[in-house]
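Just so you know, the protein sequences line up as chains A and B, in that order. Under the UniProt record's numbering, the residues of the first sequence are numbered 1 to 111, in order. Under the UniProt record's numbering, the residues of the second sequence are numbered 1 to 111, in order.
No lab work stands behind these hints, which were simulated from the structure alone. We put the CB at the ideal spot given by N, CA and C, even for glycine. Hints are not guaranteed to be accurate.
[Claimed, not checked] Take a look, some chain B residues computed to stay more than 10 Å from chain A by CB distance:
{"#": "1", "residue": "15"}
{"#": "2", "residue": "26"}
{"#": "3", "residue": "44"}
{"#": "4", "residue": "55"}
{"#": "5", "residue": "56"}
{"#": "6", "residue": "73"}
{"#": "7", "residue": "75"}
{"#": "8", "residue": "79"}
{"#": "9", "residue": "93"}
{"#": "10", "residue": "94"}
{"#": "11", "residue": "103"}
[Unchecked claim] Label pairs and their in silico Cβ distance ranges:
{"#": "12", "chain 1": "A", "residue 1": "59", "chain 2": "B", "residue 2": "43", "range": "35 to 43 Å"}
{"#": "13", "chain 1": "B", "residue 1": "106", "chain 2": "A", "residue 2": "43", "range": "52 to 60 Å"}
{"#": "14", "chain 1": "A", "residue 1": "49", "chain 2": "B", "residue 2": "75", "range": "44 to 52 Å"}
{"#": "15", "chain 1": "B", "residue 1": "8", "chain 2": "A", "residue 2": "43", "range": "54 to 62 Å"}
{"#": "16", "chain 1": "A", "residue 1": "110", "chain 2": "B", "residue 2": "48", "range": "31 to 39 Å"}
{"#": "17", "chain 1": "B", "residue 1": "40", "chain 2": "A", "residue 2": "81", "range": "55 to 63 Å"}
{"#": "18", "chain 1": "A", "residue 1": "84", "chain 2": "B", "residue 2": "59", "range": "40 to 48 Å"}
{"#": "19", "chain 1": "A", "residue 1": "95", "chain 2": "B", "residue 2": "9", "range": "21 to 29 Å"}
{"#": "20", "chain 1": "A", "residue 1": "9", "chain 2": "B", "residue 2": "8", "range": "21 to 29 Å"}
{"#": "21", "chain 1": "A", "residue 1": "111", "chain 2": "B", "residue 2": "88", "range": "27 to 35 Å"}
{"#": "22", "chain 1": "B", "residue 1": "86", "chain 2": "A", "residue 2": "103", "range": "20 to 28 Å"}
There are 2 protein chains.
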Amino acid sequence: MPHKKTEHQLSQSKCPIARAAALVGDPWVLLILRELREEARRFNELRNAIANISPRTLSARLKFLEQEGIVARTVIPETPPHVEYSLTEKGRALVPIIAQLQEYGETWLKT
Amino acid sequence: MPHKKTEHQLSQSKCPIARAAALVGDPWVLLILRELREEARRFNELRNAIANISPRTLSARLKFLEQEGIVARTVIPETPPHVEYSLTEKGRALVPIIAQLQEYGETWLKT
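In isolation and in its complexed conformation, chain A is listed as follows (with noise of 0.2 Å):
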């Protein structure tokens, strides 16, 4: 998410694009769906897969996707219980804006 401000007028917008730029205009936000397309994942996943993001950022952005209902927190009651995140049907609708980025990256951003 943007800085917040600016999140909170752009998801106020009459024009789509920018209500969804309110969303995805963020690294992080981006590289969680990355993450999280192909299946749910426990905190610790998410931290070691996204290199450089600190744990209080990943916790936001998590808090943050959670109450624009594109990310499910699940308590999974095993012993010892623990959490995971997954993607909702809101969420899963992003995937194929990742699928371009990739995409884009591979053909014009070559390393």
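With chain A held as given, fit chain B onto it using these hints.
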């Protein structure tokens, strides 16, 4: 562009999605792409078309996009001369992502 350090780290990633996220993981970049996808624009036209963007932020994002080869800055030799910004071929390749954001916003982020 995300925070400088984050942007730099991500742009060096082996992952094409991370490299693309370094470029478009920013709401202002996404809205500049929205404006330039139809036609070339002047600075003030962009400023008026993107609600809540400051001149300083707009200038910094245009400079970033120019350095990344996404936007071309052209001096139009009229009287008086003026500057126009337009998408390069590398920039135009991002337009399908903007179209998908529009579709997502219309479907899932109704006001």
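Right, here's what the structure says about each hint:
no. : hint                       : result
1   : 15                         : violated (7 Å)
2   : 26                         : violated (5 Å)
3   : 44                         : holds (19 Å)
4   : 55                         : holds (15 Å)
5   : 56                         : holds (14 Å)
6   : 73                         : holds (19 Å)
7   : 75                         : holds (26 Å)
8   : 79                         : holds (35 Å)
9   : 93                         : violated (6 Å)
10  : 94                         : violated (7 Å)
11  : 103                        : violated (8 Å)
12  : A:59 <-> B:43: 35 to 43 Å  : holds (38 Å)
13  : B:106 <-> A:43: 52 to 60 Å : violated (33 Å)
14  : A:49 <-> B:75: 44 to 52 Å  : holds (45 Å)
15  : B:8 <-> A:43: 54 to 62 Å   : violated (26 Å)
16  : A:110 <-> B:48: 31 to 39 Å : holds (36 Å)
17  : B:40 <-> A:81: 55 to 63 Å  : holds (57 Å)
18  : A:84 <-> B:59: 40 to 48 Å  : holds (43 Å)
19  : A:95 <-> B:9: 21 to 29 Å   : holds (24 Å)
20  : A:9 <-> B:8: 21 to 29 Å    : holds (27 Å)
21  : A:111 <-> B:88: 27 to 35 Å : violated (20 Å)
22  : B:86 <-> A:103: 20 to 28 Å : holds (23 Å)
Comparing the model with each numbered hint stated earlier shows that hints 1, 2, 9, 10, 11, 13, 15, 21 do not hold.
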